[in-house]
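Visitor: Chains as they are written, first to last, in my numbering: chain L, 1 to 132; chain W, 1 to 66.
Treat the hints with care, since some could be wrong.
To be verified - Below, simulated SDA-like cross-link-like pairs (lysine to any residue); rule was C-alpha separation at most 25 Å, straight line:
1) W:K8 <-> L:P31
2) W:K8 <-> L:A131
3) L:K71 <-> W:P35
4) L:K71 <-> L:A33
5) L:K71 <-> W:L6
6) L:K71 <-> W:F61
7) W:K8 <-> L:S66
8) W:K8 <-> L:C86
9) W:K27 <-> L:P105
10) W:K8 <-> L:R18
11) L:K71 <-> W:D48
Claimed, not checked - Per label pair, the in silico range of CB-to-CB distance:
12) L:A76 <-> W:D43: 17 to 25 Å
13) W:D15 <-> L:S16: 22 to 30 Å
14) L:R18 <-> W:L14: 29 to 37 Å
15) W:E26 <-> L:P105: 16 to 24 Å
16) L:A85 <-> W:D21: 32 to 40 Å
17) W:G28 <-> L:D3: 48 to 56 Å
18) L:D3 <-> W:A44: 33 to 41 Å
19) W:V45 <-> L:E27: 15 to 23 Å
It should be emphasised that the hints constitute simulated quantities derived from the structure, not laboratory data. Glycine residues also receive a C-beta, built at the ideal position from the N, C-alpha and C atoms.
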Amino acid sequence: MRDVLSTVVQAFGSASARTLRDRASAEIHMPAATRCLVVDSVRGWLYPLCSEPGDHYLLFAYFDGSAYQVKVVSPALEDHVDAHACHLFSDGRICFGQSDAGGMPTLTSAYAKSVLWVNGYSVYLRTSMFAF
Amino acid sequence: MSQTVLDKLHDVVLDNRQRRDDRPREKGRQVLVDPSGRIVIGDAVQDDERPQLSEVHQAVFAAGQG
Numbered sequence: 001m002r003d004v005l006s007t008v009v010q011a012f013g014s015a016s017a018r019t020l021r022d023r024a025s026a027e028i029h030m031p032a033a034t035r036c037l038v039v040d041s042v043r044g045w046l047y048p049l050c051s052e053p054g055d056h057y058l059l060f061a062y063f064d065g066s067a068y069q070v071k072v073v074s075p076a077l078e079d080h081v082d083a084h085a086c087h088l089f090s091d092g093r094i095c096f097g098q099s100d101a102g103g104m105p106t107l108t109s110a111y112a113k114s115v116l117w118v119n120g121y122s123v124y125l126r127t128s129m130f131a132f
Numbered sequence: 001m002s003q004t005v006l007d008k009l010h011d012v013v014l015d016n017r018q019r020r021d022d023r024p025r026e027k028g029r030q031v032l033v034d035p036s037g038r039i040v041i042g043d044a045v046q047d048d049e050r051p052q053l054s055e056v057h058q059a060v061f062a063a064g065q066g
């Protein structure tokens, strides 16, 4: 019983520490309009981005238990888009390529790489070539 | 301006990938983003700006399997 309690306390403490750390990271490094949301019991960070060519995006970053994932909320991915060429999973997550699960180790690193992705995708929409 | 930024970004990222250097130490080969989502190449960053910037890990994206 003590082992179970210890595990629960440890997991809860770890999750709380992660949430606090992520909140601080979001305030310092991410767009001012970033909002913390809980969607389907998953806490994450919804943030807007504008690529260099001027396209607007809304992304959702969250910790999946092993890595930080980023899902494209809007725009809706167009039917003609080749998800494979654009480094996307079929559920709209960006495949960062850092691990088999395609996530990043920190919220900040996921945010930074998502900026690279939106710019690559904006180039793809204009040239059919993913730039990065 | 945008095209210039993207061209420079493209050159820096591809050059680093050819060198297999995902996290370059040389400022001119680092790619950073600010809180507004603006991309900055490392040699254009002032020291007092740096704490707010996030470094882009430049490893290649992978293709989604799902």
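Visitor: Sort out which numbered hints this structure fails and list those numbers smallest first.
Guide: 7, 10, 11, 12, 13, 16, 18
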